[in-house]
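> Top to bottom, those sequences are chains A and B.
Taken in order, the first sequence gives residues 6 to 361; the numbers are from this note's numbering.
Taken in order, the second sequence gives residues 4 to 302; the numbers are from this note's numbering.
If you're looking for bench data, these hints aren't it; they were derived computationally from the structure.
Among these hints, one or two may not hold up.
Stated by the list, open to error - Here are the simulated lysine to aspartate or glutamate pairs, DMTMM-like style, with alpha carbons at most 25 Å apart:
| # | chain 1 | residue 1 | chain 2 | residue 2 |
| --- | --- | --- | --- | --- |
| 1 | A | K113 | B | D196 |
| 2 | A | K79 | B | D196 |
| 3 | B | K199 | A | D141 |
| 4 | B | K199 | A | E160 |
| 5 | A | K36 | A | E75 |
| 6 | A | K148 | B | D194 |
| 7 | A | K21 | B | D196 |
| 8 | B | K199 | A | D65 |
| 9 | A | K110 | B | D196 |
| 10 | B | K199 | A | E168 |
| 11 | B | K199 | A | D74 |
To be verified - The following label-pair restraints were derived from C-beta to C-beta distances:
| # | chain 1 | residue 1 | chain 2 | residue 2 | range |
| --- | --- | --- | --- | --- | --- |
| 12 | B | A6 | A | R139 | 45 to 51 Å |
| 13 | B | E26 | A | R139 | 35 to 41 Å |
| 14 | B | L91 | A | A9 | 56 to 62 Å |
| 15 | B | A37 | A | R63 | 52 to 58 Å |
Bear in mind the structure is a predicted one, so any value in this text is a computation, not a measurement.
We treat Cβ as the ideally placed atom computed from N, Cα and C, and that holds for glycine.
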Amino acid sequence: MNTAALPITIRNVTKKYGQVFALNDVSLDVKSGEFLTLLGPSGSGKTTLLMVLAGFTRPDAGSLRFGADEVIRKPPHQRDLGMVFQNYALFPHMTVAGNVGYPLKLRKIPKKEIDARVENALDLVQLEGLGQRRIDQLSGGQKQRVALARSIVFEPRILLMDEPLSALDKKLRDQMQIELRRLHDRLGMTTVYVTHDQREALTMSDRIAVLNHGEIMQLATPQELYDHPQNKFVADFIGDSTFLAVEKSGRSLKAGGITLKTDSPVPKAENLSVMMRPERISLIEGKAGKNTNIFTAKVSNLVYQGESFLLYAELAGGAEVAVRGTIKGDRYTKLPKLGAKVKLGLDAADTIIIAD
Amino acid sequence: MQAPPMTNSDNHAAGLRRDERLEKLKLFGLASPALLLILVILVIPVGWLFYVSFVGADGSFSLENYQRMIESKSYARIFRTTFQVSFLTTAICILIGYPLAYFMAQLPQRLANLCLITVLLPFWTSLLVRTYAWLVLLQKRGLVNEWAMSIGLWDEPLKFVHNLNGTLIGMVHIMLPFLILPTYGAMKAIDKDYLKASSNLGASPVRAFWTVFFPLSTPGLFAGALMVFVLCLGFFVTPAVLGGGKVILVSMKIVSNIELFVNWGAASALGVVLLVLTMSILWIASRFLNFKNMVGGGQ
Chain A
6 MNTAALPITI
16 RNVTKKYGQV
26 FALNDVSLDV
36 KSGEFLTLLG
46 PSGSGKTTLL
56 MVLAGFTRPD
66 AGSLRFGADE
76 VIRKPPHQRD
86 LGMVFQNYAL
96 FPHMTVAGNV
106 GYPLKLRKIP
116 KKEIDARVEN
126 ALDLVQLEGL
136 GQRRIDQLSG
146 GQKQRVALAR
156 SIVFEPRILL
166 MDEPLSALDK
176 KLRDQMQIEL
186 RRLHDRLGMT
196 TVYVTHDQRE
206 ALTMSDRIAV
216 LNHGEIMQLA
226 TPQELYDHPQ
236 NKFVADFIGD
246 STFLAVEKSG
256 RSLKAGGITL
266 KTDSPVPKAE
276 NLSVMMRPER
286 ISLIEGKAGK
296 NTNIFTAKVS
306 NLVYQGESFL
316 LYAELAGGAE
326 VAVRGTIKGD
336 RYTKLPKLGA
346 KVKLGLDAAD
356 TIIIAD
Chain B
4 MQAPPMTNSD
14 NHAAGLRRDE
24 RLEKLKLFGL
34 ASPALLLILV
44 ILVIPVGWLF
54 YVSFVGADGS
64 FSLENYQRMI
74 ESKSYARIFR
84 TTFQVSFLTT
94 AICILIGYPL
104 AYFMAQLPQR
114 LANLCLITVL
124 LPFWTSLLVR
134 TYAWLVLLQK
144 RGLVNEWAMS
154 IGLWDEPLKF
164 VHNLNGTLIG
174 MVHIMLPFLI
184 LPTYGAMKAI
194 DKDYLKASSN
204 LGASPVRAFW
214 TVFFPLSTPG
224 LFAGALMVFV
234 LCLGFFVTPA
244 VLGGGKVILV
254 SMKIVSNIEL
264 FVNWGAASAL
274 GVVLLVLTMS
284 ILWIASRFLN
294 FKNMVGGGQ
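So that you can see chain A by itself, here it is in the shape it has in the complex (with noise of 0.2 Å):
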């Protein structure tokens, strides 16, 4: 890359649709070089962000700067950032070759370096010799890469990606999840990436933006996000857990029949939830250490999934919580049965009271 990446700094961005915002106030700032993903239900107003960012959506107000410079009037065409569209929009009348030289051709650059800046691109993605294809003739895991070769080709210094991989099969996905992460690495541009895959989100990212009802609910590091959701609906969408109604009396908290421990801060609230998530559970066989919550529950439900299984066990007031764990050697079939009474712990280190 020629030229350096660029921050990104959006400040009190909204958009509203008739009365639904679609983005409410959104400040947001991505540091130069940073892999930030976008992340939410549909609806959420991640793709209209992204939008705004590329030019496509006028928003009502606010301000938007690529490193000094104030863009948000600035017409698409003159905002010099790549984009990657989630149906990839391949010219079908260019050939792969066509296609990533395109932006190459509209900023009057010499056939030859055109040809050789191509080729490169091409190499990049691993589709070497490939630049004669037709669209048509391209697997959908090869139309993802040519769009990206198209995108980068002109070293943008902020490369946009609305759900790229949402077309592909899992197995694809998974590969060029860690493929994309390690070509950012590379080329090091600041990258925005939508997705409404929270596992993806965890996969790719240095921060994540959980969105929802067009604002910004958590911006966080996966880890951060996932240990520490900071309200019920981070700690609902991300990840799978189950919700314990929790019952102040006095300082002490009790949920499911006992009185909790915890090592993370109470949130200042009225309502309050513990967040319990199924790997974070554990079945108790023998004695328990001294920092860990023991409910006591009923086995409802016993669910295999090959490499885990899952456990649903009723609790003393009746909620239900899954626990999962993974299955080696013969532990499967050693499982309480249904009906068994069981011993669920969980760490006081785990034990997240979130307010509702």
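With chain A fixed as given, assemble chain B onto it according to the hints.
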């Protein structure tokens, strides 16, 4: 419950084959009335046309009908005029129709549908009525001339009818929907993301149009243009009325051969030549264009 054991005779191969054959027969049966109709009103008459064109004045086999066409200069002129008029009509239709289709493709769906109806409206009016309406509008003391002279656009009545002008005006009007509909269809099928991508990659709106939108709309445009051109080659009513005998096309010569000279052989030969020319144009076009794409419009 245990499933009963399978035996070899249980795999129904013969029965399944018979079902398959029966289904095909049924489909053929359903299509047979249409096939019969085509045979009766297309294949037999065209065959008869071929036959008659090779019958001379004395009733024996002869090439005189074709010989006359090659030797007589007037025939060459008629064919030239026919192609000229068809070409001009097609060109004007493209110039008027493409921008209109583009405009319609940008409109919100409800407005676009309204526009489509107004484009189609003339289709529901008789061809003769529309042609004579043009005659009334465009003649020497017609509405257009009277109005233009009254506000001083020109002083002498302009000659709009009974010449090439009138022929072209009338034919363009009749043919325009044939160009607009497939063009519009192709344009609607263009994914908006292509234009977004083009603009994201640095193309100004004008560049995006010429490098992405226009090339992707050409299958529809070519389909429409080809249809207009081919229809023009055999067009009779409108050029006959609005051309006023000054613009003689092949179709008119066929009519005069029968009505004036009662020469079925000559008329048939002209018909055959026109048919062969039209088929060759379609064949040549099919070498360059993908007909399958045209019908679907775009993709």
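> Now tell me, hint by hint, if it's right for this structure.
Structure-based check of each hint:
The suggested pairing of A:K113 with B:D196 holds, with an alpha-carbon distance near 23 Å, which does not exceed 25 Å. This hinted pair checks out: A:K79 and B:D196 have alpha carbons roughly 19 Å apart, not beyond 25 Å. Restraint check for B:K199 and A:D141: satisfied, since their Cα atoms lie roughly 20 Å apart, inside the 25 Å limit. This hinted pair checks out: B:K199 and A:E160 have alpha carbons roughly 19 Å apart, not beyond 25 Å.
A C-alpha spacing of about 16 Å is found between A:K36 and A:E75, which places the hinted pair at or below 25 Å, so the restraint holds. For the suggested pair A:K148 and B:D194, the alpha carbons sit about 16 Å apart, so the restraint of at most 25 Å is met. A threshold of 25 Å between alpha carbons decides the hint, and for A:K21 with B:D196 the separation of about 22 Å falls inside it, so the pair holds. Only pairs whose Cα atoms come within 25 Å are accepted, and B:K199 paired with A:D65 is accepted, the gap being roughly 20 Å.
Of the pairs offered as hints, the one joining A:K110 and B:D196 holds, with about 20 Å between alpha carbons and a cut-off of 25 Å not exceeded. The hinted pair formed by B:K199 and A:E168 meets the criterion: a straight-line CA distance of about 16 Å does not exceed 25 Å. Pair hint B:K199 plus A:D74 holds up; C-alpha atoms about 22 Å apart against a cutoff of 25 Å. Between B:A6 and A:R139, the C-beta spacing of about 50 Å keeps the proposed range 45 to 51 Å intact.
Range check, B:E26 to A:R139: Cβ separation about 36 Å, and the 35 to 41 Å hint holds. Range check, B:L91 to A:A9: Cβ separation about 59 Å, and the 56 to 62 Å hint holds. Take B:A37 and A:R63: their Cβ atoms lie about 54 Å apart, and the range 52 to 58 Å holds.
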